[in-house]
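Quick mapping for you: the protein sequence lines, in order, are chains A and B. For the first sequence, my numbering assigns the number 243 to the initial residue and increments by one for each residue that follows. For the second sequence, my numbering assigns the number 243 to the initial residue and increments by one for each residue that follows.
Calculated from the structure, these hints are not laboratory results. Careful, some of the hints might be misleading.
Any copy, or any two copies together, can satisfy a pair, since identical chains are not distinguished.
Once the Cα atoms are required to be at most 35 Å apart in a straight line, the calculated DSBU-like pairs of lysine-lysine come out as [as the list claims (entries may be wrong)]:
| no. | residue 1 | residue 2 |
| --- | --- | --- |
| 1 | Lys303 | Lys642 |
| 2 | Lys646 | Lys303 |
| 3 | Lys377 | Lys273 |
| 4 | Lys309 | Lys646 |
| 5 | Lys590 | Lys377 |
| 6 | Lys486 | Lys279 |
| 7 | Lys565 | Lys646 |
| 8 | Lys309 | Lys279 |
| 9 | Lys284 | Lys642 |
| 10 | Lys280 | Lys565 |
2 protein chains.
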Amino acid sequence: MSNNPADQQYTTRIADLPGTEVVFGVGAEEKLPYLLKKNHVKSLLFVYSGDYVNELGIRQKVLDTAKELGISVIENGEVQVNPRLELVHTLIEQAREHDVDFVIAAGGGSAFDTGKAVALGKNYDGDVWDFYTHKRTEPEHQVLGVGTISTIPGTSSEVSFASVITNGHIKGGAAPIAIKPTFTIINPEYSRTAPYRYLAAATVDMIVHNLEKYFTPNAPLALVDQLEENVFRAEYDAAIRFAKNPESLQARTDLHWLSAYVNPQLRSADATGPRYSIHEGVIHAIEHALSGVYDIIHGEGNAAVLIALVRYEASRNPEKFAKLAVRVFGADPYLNTEEENALLLADKLEDLIVNHLHVPIRLSEQGVPNDDFEEVLDQIGGGIGYPLGHYTNLSREDVKALLKSAY
Amino acid sequence: MSNNPADQQYTTRIADLPGTEVVFGVGAEEKLPYLLKKNHVKSLLFVYSGDYVNELGIRQKVLDTAKELGISVIENGEVQVNPRLELVHTLIEQAREHDVDFVIAAGGGSAFDTGKAVALGKNYDGDVWDFYTHKRTEPEHQVLGVGTISTIPGTSSEVSFASVITNGHIKGGAAPIAIKPTFTIINPEYSRTAPYRYLAAATVDMIVHNLEKYFTPNAPLALVDQLEENVFRAEYDAAIRFAKNPESLQARTDLHWLSAYVNPQLRSADATGPRYSIHEGVIHAIEHALSGVYDIIHGEGNAAVLIALVRYEASRNPEKFAKLAVRVFGADPYLNTEEENALLLADKLEDLIVNHLHVPIRLSEQGVPNDDFEEVLDQIGGGIGYPLGHYTNLSREDVKALLKSAY
Chain A
243 MSNNPADQQY TTRIADLPGT EVVFGVGAEE KLPYLLKKNH VKSLLFVYSG DYVNELGIRQ
303 KVLDTAKELG ISVIENGEVQ VNPRLELVHT LIEQAREHDV DFVIAAGGGS AFDTGKAVAL
363 GKNYDGDVWD FYTHKRTEPE HQVLGVGTIS TIPGTSSEVS FASVITNGHI KGGAAPIAIK
423 PTFTIINPEY SRTAPYRYLA AATVDMIVHN LEKYFTPNAP LALVDQLEEN VFRAEYDAAI
483 RFAKNPESLQ ARTDLHWLSA YVNPQLRSAD ATGPRYSIHE GVIHAIEHAL SGVYDIIHGE
543 GNAAVLIALV RYEASRNPEK FAKLAVRVFG ADPYLNTEEE NALLLADKLE DLIVNHLHVP
603 IRLSEQGVPN DDFEEVLDQI GGGIGYPLGH YTNLSREDVK ALLKSAY
Chain B
243 MSNNPADQQY TTRIADLPGT EVVFGVGAEE KLPYLLKKNH VKSLLFVYSG DYVNELGIRQ
303 KVLDTAKELG ISVIENGEVQ VNPRLELVHT LIEQAREHDV DFVIAAGGGS AFDTGKAVAL
363 GKNYDGDVWD FYTHKRTEPE HQVLGVGTIS TIPGTSSEVS FASVITNGHI KGGAAPIAIK
423 PTFTIINPEY SRTAPYRYLA AATVDMIVHN LEKYFTPNAP LALVDQLEEN VFRAEYDAAI
483 RFAKNPESLQ ARTDLHWLSA YVNPQLRSAD ATGPRYSIHE GVIHAIEHAL SGVYDIIHGE
543 GNAAVLIALV RYEASRNPEK FAKLAVRVFG ADPYLNTEEE NALLLADKLE DLIVNHLHVP
603 IRLSEQGVPN DDFEEVLDQI GGGIGYPLGH YTNLSREDVK ALLKSAY
């Protein structure tokens with residue numbers, strides 16, 4: 243090590259990011275036989291959510307391919323939004339009975355969450371829920387391989403090692419490296435028929451994934467903030483193009499590509515330094531508690547919390563919000579105060595989300611029945627705990643005020 | 243497909259990008275036992291270039307780990323800059339004798355080129371050179387796995403499926419997906435003792451990899467140009483910080499991270515569309531012929547060709563160069579002509595390369611003995627052929643004039 247003081251402050255930790263084979267493009271599913279052979283699959287669990295996986299021909303493709311290759315299959319199409327531990331338990335039992343050695347999950351984030359949970363739990367002696375309540379982190383047992391077939395862009399869950407499951411009251415998150423998908427198949431035609439409401443919400447989710455990493459203390463690598471700003475700019479433009487013309491293959495291809503390639507790489511930048519921890523996923527932490535209690539749409543909840551957070555922090559902690567407004571939206575750092583520029587960012591985000599994407603940002607419009615948030619606040623407290631965020635530093639009272647302002 | 247005309251013009255091809263497990267950070271080599279076990283390695287070929295791999299302790303780490311795990315090893319440390327087919331042939335013979343099933347290459351681009359070539363050739367019936375002369379593209383035989391240990395940032399070869407080999411006269415390039423490394427180990431401390439000249443040249447190489455994709459026709463994804471501009475901005479800043487303080491771990495970590503994560507992801511963006519082909523790697527195509535004939539340092543040759551190309555094209559084809567100058571350097575599109583702005587870009591690049599990085603941009607300073615480029619021009623003609631580039635569209639006479647201007 244040098245005697246350079248910057249170096250001495252600069253500690254990296256070792257980041258191990260296994261690769262996911264990304265097969266991308268119209269017709270990408272034609273690579274499925276190759277991918278199953280390559281992974282020596284003998285006994286497959288196929289999980290998906292909704293009839294659309296059937297209508298898109300994905301189910302038939304998976305079943306036909308398995309038959310061709312002599313792979314046995316069990317399947318389940320009952321995954322729902324905010325996926326359930328109960329279903330995970332059932333599928334783990336079935337996977338054990340059928341000696342499943344690989345999982346394919348098709349659909350959006352919920353199908354991937356479920357598939358990853360089963361892959362994690364199948365060979366685990368205890369209850370897989372342990373990994374979702376931080377009793378266990380990295381597994382010592384053999385985790386099954388997972389392949390994803392993505393029908394909606396946004397979460398990056400198609401390539402990430404995150405899985406979020408609810409037990410009906412509490413949403414738990416697991417992130418062991420071993421559940422990172424072995425491959426993902428992304429055919430941007432698949433999202434053509436997805437309901438607009440889900441596509442728009444997932445687009446907001448993608449932007450929140452990027453921004454909540456930006457609303458954090460100094461980056462370990464000097465260029466990370468800069469890249470995140472510019473990816474935000476690209477996401478902002480792509481979101482507007484998509485909202486204008488949701489049918490456009492090009493617009494949705496941009497979103498799929500950002501979700502599969504760009505956002506996850508930025509997350510890996512954070513993985514090389516101490517900056518990003520679960521405590522910096524502030525918006526997701528609040529939203530997971532919200533949708534754990536009220537079963538609202540994840541991307542919509544994120545939209546509400548994002549706008550409320552920026553406005554709430556504008557007077558307390560404006561720097562990073564103002565910086566984004568100055569760098570991306572050309573806000574004037576001389577004419578305006580930091581607070582004014584942070585509020586300008588909130589206005590810009592609200593304009594994008596409400597006026598362009600038509601996503602509601604009031605919790606009262608999203609299915610939250612009242613503005614008593616005690617159960618939500620308890621869940622955050624019992625989960626990752628307060629204060630929330632090394633940059634934002636939100637107490638329970640802060641989160642309460644923030645949620646009330648979003649109602 | 244929709245009836246949207248933009249969609250009908252918009253054809254994607256299926257891009258299959260296998261993952262590379264990236265282990266990144268100071269001490270990353272501690273993951274080597276895990277990586278070798280995971281890949282079921284039994285018989286290893288270890289190739290590297292130069293004593294520094296020994297001095298950094300990498301050789302000992304590889305040999306000790308292999309011993310611990312009962313893996314047999316053959317090793318060769320004779321890889322040189324502009325790596326040779328002759329050595330590849332020798333190593334393929336040895337690999338066959340010892341039933342090698344995995345290759346580890348340590349060092350910079352040349353070691354990786356060599357390791358990939360051996361992995362490609364070991365089970366191939368014919369001469370591996372076939373893949374470097376476009377007689378063969380995707381192999382049908384089993385290609386060995388490759389792991390890389392990177393001691394210098396820049397080429398992205400640590401994670402890419404490119405390999406460039408010279409037979410002493412001609413440099414050939416192979417890019418079958420199967421040689422994409424299974425894993426890479428990147429410890430930014432390793433580059434601390436690398437000679438400044440090579441580090442600076444590799445930094446230019448990284449920037450050229452990014453820019454030559456930008457100097458191309460319209461991107462298939464609307465956001466690709468925008469991301470490339472912003473990555474260029476990050477690379478430009480990182481290069482200046484590195485040049486000011488080559489000892490700084492943070493500056494070199496930024497470069498390693500751009501090389502391993504960011505640049506290759508942008509390349510995968512291009513892989514999703516028809517834009518980027520070997521004909522768009524114009525600067526590399528010219529430089530590979532140059533260093534094939536004259537054995538100059540690849541990154542230095544790239545620096546010379548880059549500056550000469552921008553100046554040469556400024557009057558013929560200024561748009562993309564001017565666009566970069568306007569967007570990144572704030573050049574004025576109203577006050578200046580396109581040509582003036584393209585020339586402004588050349589000045590900015592020259593300032594970065596010559597004044598900050600201290601890389602020579604005259605071929606006469608780089609080891610090219612005279613300005614008769616006929617052999618170089620023949621090689622380009624016999625290789626990918628003229629005209630060069632769908633955007634730049636350079637004839638043999640154009641390349642000749644360009645090279646003479648760089649002498």
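Consistency of the hints with the structure:
Neither within a single protomer nor between protomers do Lys303 and Lys642 lie at most 35 Å apart by alpha-carbon distance, with minima of 48 Å and 53 Å respectively. For the homomeric pair Lys646 and Lys303, neither the shortest alpha-carbon distance inside one copy (47 Å) nor that between copies (57 Å) is at most 35 Å. When the C-alpha separation of Lys377 and Lys273 is checked against a cutoff of 35 Å, the pair qualifies only between copies, where the shortest distance is 25 Å, while the shortest distance within a copy is 38 Å. Taking CA atoms no more than 35 Å apart as the test, Lys309 paired with Lys646 passes in neither setting, with 54 Å inside one copy and 62 Å between copies.
In this assembly of identical chains, Lys590 and Lys377 lie within 35 Å of each other by CA distance neither inside one copy nor across copies; the values are 40 Å within and 54 Å between. Within a single copy, Lys486 and Lys279 get their C-alpha atoms no closer than 41 Å, and across copies no closer than 51 Å, so neither meets the 35 Å cut-off. Proximity of Lys565 to Lys646 under the C-alpha cut-off of 35 Å is restricted to the intra-copy arrangement: shortest distance 26 Å within a copy versus 46 Å between copies. Proximity of Lys309 to Lys279 under the C-alpha cut-off of 35 Å is found in both arrangements, the shortest distances being 12 Å within a copy and 32 Å between copies.
In this assembly of identical chains, the alpha carbons of Lys284 and Lys642 never lie at most 35 Å apart, being 50 Å within a copy and 58 Å across copies at closest. For the homomeric pair Lys280 and Lys565, neither the shortest alpha-carbon distance inside one copy (47 Å) nor that between copies (44 Å) is at most 35 Å.
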